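Residue 5 in the UniProt record's numbering sits at position 5 of the sequence shown, and the numbers go up by one each step.
Don't read these hints as lab results, they were simulated from the structure.
Keep in mind that this is a model prediction, so the values were computed, not measured.
Treat the hints with care, as some may be off.
Claimed, not checked - Here are the computed lysine-lysine pairs in the DSS-like style, where the Cα-Cα straight-line distance is at most 27 Å:
1. K20 - K54
2. K52 - K21
3. K21 - K48
4. K59 - K48
5. K20 - K59
6. K21 - K54
7. K21 - K80
Said to hold, decoys possible - If you anchor each label on the Cβ, the simulated ranges turn out as follows:
8. E40 - Q66: 15 to 25 Å
9. S68 - K21: 14 to 24 Å
10. S84 - N58: 33 to 43 Å
11. K59 - K80: 28 to 38 Å
12. K80 - S38: 11 to 21 Å
13. S83 - F60: 31 to 41 Å
14. K48 - V23: 32 to 42 Å
15. S84 - K59: 36 to 46 Å
16. K20 - Q66: 10 to 20 Å
17. Y49 - K20: 18 to 28 Å
Glycine included, C-beta positions come from ideal geometry on N, C-alpha and C.
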Amino acid sequence: MRLNMRHSWQKGISYSLRSKKIVIYSDSQLVVNQIQGSYEAREEKMVKYLLKAKEMLNKFEESSVQVSRIDNVGADRLDKLASSMAAIRSRRITFLSSDRAAVEQ
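Please model the entire structure based on the sequences and the hints provided.
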(Lines of atoms letter the chains of each structure in order from A and count residues from 1; the text may use other names and numbers.)
(Lines give C-alpha, C1' and ligand atoms only; values in the text may rest on other atoms or scores of the structure.)
Protein backbone atom coordinates (compact mmCIF):
# COMPACT_ATOMS: atom_id res chain seq x y z
CA MET A 1 0.00 0.00 0.00
CA ARG A 2 1.35 3.44 -0.91
CA LEU A 3 0.25 6.50 1.00
CA ASN A 4 1.22 10.09 1.49
CA MET A 5 2.83 10.45 4.92
CA ARG A 6 0.27 12.95 6.20
CA HIS A 7 -2.71 10.73 5.36
CA SER A 8 -1.25 7.53 6.73
CA TRP A 9 -0.34 9.07 10.08
CA GLN A 10 -3.61 10.93 10.57
CA LYS A 11 -5.95 8.11 9.69
CA GLY A 12 -4.01 4.92 10.30
CA ILE A 13 -5.75 3.69 7.15
CA SER A 14 -3.20 1.15 6.05
CA TYR A 15 -2.99 -0.50 9.47
CA SER A 16 -6.75 -0.70 9.82
CA LEU A 17 -6.86 -2.43 6.41
CA ARG A 18 -4.45 -5.04 7.78
CA SER A 19 -1.75 -4.23 5.25
CA LYS A 20 1.57 -6.00 5.80
CA LYS A 21 3.69 -3.67 3.71
CA ILE A 22 3.60 0.12 3.46
CA VAL A 23 5.48 2.68 1.36
CA ILE A 24 5.20 6.24 2.62
CA TYR A 25 6.15 9.34 0.63
CA SER A 26 7.12 12.48 2.48
CA ASP A 27 7.98 15.95 1.24
CA SER A 28 10.70 16.31 3.89
CA GLN A 29 14.17 14.82 3.46
CA LEU A 30 14.89 15.75 7.09
CA VAL A 31 11.95 13.73 8.42
CA VAL A 32 12.78 10.75 6.21
CA ASN A 33 16.41 10.78 7.39
CA GLN A 34 15.29 10.99 11.01
CA ILE A 35 12.96 8.02 10.59
CA GLN A 36 15.69 6.02 8.84
CA GLY A 37 18.16 6.88 11.61
CA SER A 38 20.57 8.91 9.46
CA TYR A 39 19.77 12.15 11.33
CA GLU A 40 19.00 12.76 14.97
CA ALA A 41 15.79 14.52 16.03
CA ARG A 42 16.79 17.23 18.51
CA GLU A 43 13.71 19.33 19.17
CA GLU A 44 11.33 17.86 21.74
CA LYS A 45 8.34 18.08 19.40
CA MET A 46 10.23 16.32 16.58
CA VAL A 47 11.38 13.58 18.96
CA LYS A 48 7.73 12.91 19.85
CA TYR A 49 6.74 12.76 16.17
CA LEU A 50 9.66 10.45 15.43
CA LEU A 51 8.71 8.06 18.23
CA LYS A 52 5.10 7.98 17.02
CA ALA A 53 6.19 7.37 13.42
CA LYS A 54 8.49 4.50 14.41
CA GLU A 55 5.77 3.01 16.63
CA MET A 56 3.34 3.00 13.71
CA LEU A 57 5.91 1.64 11.24
CA ASN A 58 6.73 -1.24 13.59
CA LYS A 59 3.15 -2.50 13.16
CA PHE A 60 4.00 -3.55 9.60
CA GLU A 61 6.10 -6.48 8.47
CA GLU A 62 7.79 -4.29 5.87
CA SER A 63 7.91 -0.50 5.56
CA SER A 64 9.66 2.11 3.48
CA VAL A 65 9.74 5.88 3.87
CA GLN A 66 10.87 7.88 0.85
CA VAL A 67 11.07 11.48 -0.29
CA SER A 68 8.94 12.40 -3.25
CA ARG A 69 11.43 14.09 -5.59
CA ILE A 70 8.78 16.43 -6.99
CA ASP A 71 7.80 17.69 -3.54
CA ASN A 72 11.40 18.07 -2.38
CA VAL A 73 12.80 20.21 -5.24
CA GLY A 74 12.24 23.56 -3.49
CA ALA A 75 13.64 22.35 -0.18
CA ASP A 76 16.66 20.90 -1.99
CA ARG A 77 17.37 24.23 -3.68
CA LEU A 78 17.16 26.15 -0.40
CA ASP A 79 19.43 23.64 1.32
CA LYS A 80 22.08 23.96 -1.40
CA LEU A 81 21.80 27.74 -1.28
CA ALA A 82 22.21 27.81 2.50
CA SER A 83 25.22 25.47 2.32
CA SER A 84 26.94 27.56 -0.33
CA MET A 85 26.38 30.78 1.62
CA ALA A 86 27.50 29.51 5.04
CA ALA A 87 30.61 31.70 5.03
CA ILE A 88 28.70 34.87 4.19
CA ARG A 89 27.63 36.81 7.26
CA SER A 90 24.65 38.60 5.70
CA ARG A 91 21.25 37.24 6.70
CA ARG A 92 19.48 38.68 3.66
CA ILE A 93 18.89 36.18 0.89
CA THR A 94 16.85 36.73 -2.24
CA PHE A 95 15.63 33.50 -3.77
CA LEU A 96 14.02 33.51 -7.21
CA SER A 97 12.47 30.48 -8.81
CA SER A 98 11.20 30.10 -12.36
CA ASP A 99 9.54 27.33 -14.30
CA ARG A 100 11.07 28.72 -17.49
CA ALA A 101 14.50 27.55 -18.61
CA ALA A 102 17.28 30.12 -18.25
CA VAL A 103 18.79 28.97 -21.55
CA GLU A 104 16.69 28.25 -24.62
CA GLN A 105 17.62 25.09 -26.53
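Consistency of the hints with the structure:
1. K20 - K54: Answer holds: K20 to K54 is near 15 Å, not above 27 Å.
2. K52 - K21: Answer holds: K52 to K21 is near 18 Å, not above 27 Å.
3. K21 - K48: 23 Å, holds
4. K59 - K48: Holds - the C-alpha atoms of K48 and K59 are around 17 Å apart, at most 27 Å.
5. K20 - K59: Cα-Cα ~8 Å, so holds.
6. K21 - K54: 14 Å, holds
7. K21 - K80: This hinted pair is violated, its Cα atoms lying about 34 Å apart.
8. E40 - Q66: 15 to 25 Å: 20 Å, holds
9. S68 - K21: 14 to 24 Å: Holds, since S68 and K21 (Cβ atoms, about 18 Å apart) stay within the stated range.
10. S84 - N58: 33 to 43 Å: 38 Å, holds
11. K59 - K80: 28 to 38 Å: 36 Å, holds
12. K80 - S38: 11 to 21 Å: 18 Å, holds
13. S83 - F60: 31 to 41 Å: Once the Cβ atoms are compared, 35 Å apart, the range 31 to 41 Å for F60 and S83 holds.
14. K48 - V23: 32 to 42 Å: 24 Å, violated
15. S84 - K59: 36 to 46 Å: Hint holds: Cβ distance 41 Å, inside 36 to 46 Å.
16. K20 - Q66: 10 to 20 Å: 18 Å, holds
17. Y49 - K20: 18 to 28 Å: At 24 Å between Cβs, range holds.
Consistency note: the structure conflicts with the earlier hints numbered 7, 14.
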